[in-house]
Amino acid sequence: MASTEAHDSQLRGIPTAPFVTDVAEFVGGADKDVMPTLKQFQDAISKYKFMELSTAQRRKGLEQKIPDIGKTLQMVEYLKARQTESEPLETTFELNDTLYARAHLEPTEKVHLWLGANVMLSYDIDEAIVMLQDKLATAKKGLQLANEDLGFLRDQITTMEVNTARVHNWDVKRRRDKKQRETLSS
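Count along the sequence shown starting at 1, add 5, and that's the number in the working numbering.
Hints are computed from structural coordinates only; laboratory data are not their basis.
C-beta: ideal position from N, C-alpha, C; glycine also.
Hints are supplied without guarantee of correctness; some may be wrong.
Stated by the list, open to error - No farther apart than 25 Å at their CA atoms in a straight line, the calculated lysine to aspartate or glutamate pairs in the DMTMM-like style are these: (1) 146 to 132; (2) 145 to 82; (3) 70 to 90; (4) 76 to 111.
Said to hold, decoys possible - If you anchor each label on the Cβ, the simulated ranges turn out as follows: (5) 19 to 43: 19 to 27 Å; (6) 55 to 173: 21 to 29 Å; (7) 166 to 66: 25 to 33 Å; (8) 143 to 177: 46 to 54 Å; (9) 20 to 41: 15 to 23 Å; (10) 47 to 155: 17 to 25 Å; (11) 181 to 160: 27 to 35 Å; (12) 123 to 66: 14 to 22 Å; (13) 41 to 181: 15 to 23 Å; (14) 65 to 182: 45 to 53 Å.
Build the full structure now, drawing on both the sequences and the hints.
Structure, rendered in structure tokens:
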């Protein structure tokens, strides 16, 4: 469309908001009603805000998950380093918010990791380290992408809000000019 800059690119499925350069052409002519265009812009803003909320929730989940994966990886690496020792490791672990238990861990070549949804799997320590490193890298990349998406979404929301203001201001000016012409002609 001639009244918008060409924006065919998308960021991970998020459509790029067009910037309206010629309001009259975008609306469909100087005598066209702007309400359908304003409604279209408000709908687009609502969709972008929904995507922003969803992406922010995804980012929050990743921000909570990354430290947990990091701590688990650190512990598995510690257990690997202790494999050569013959003495058991004494540790305290949390059962509940206020309930802890003591355990004596013998040197081992296997670890059991919670994967979520009440699933625990046994891994060789080296396999567990590789798996946790992959999960950590994936989570960090996901966080980076979520942050990029949020920035992109904010830009699209701003563009649509500017478009809305431009169309509204154009309509106000058009009506004012029409009223002045009617006043002068009478």
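Results of checking the hints against the structure:
no.	hint	in the structure
1	146 to 132	21 Å, holds
2	145 to 82	19 Å, holds
3	70 to 90	31 Å, violated
4	76 to 111	20 Å, holds
5	19 to 43: 19 to 27 Å	22 Å, holds
6	55 to 173: 21 to 29 Å	23 Å, holds
7	166 to 66: 25 to 33 Å	28 Å, holds
8	143 to 177: 46 to 54 Å	51 Å, holds
9	20 to 41: 15 to 23 Å	19 Å, holds
10	47 to 155: 17 to 25 Å	21 Å, holds
11	181 to 160: 27 to 35 Å	31 Å, holds
12	123 to 66: 14 to 22 Å	19 Å, holds
13	41 to 181: 15 to 23 Å	21 Å, holds
14	65 to 182: 45 to 53 Å	49 Å, holds
Hint 3 alone, counting from the list given before, is not met by this structure.
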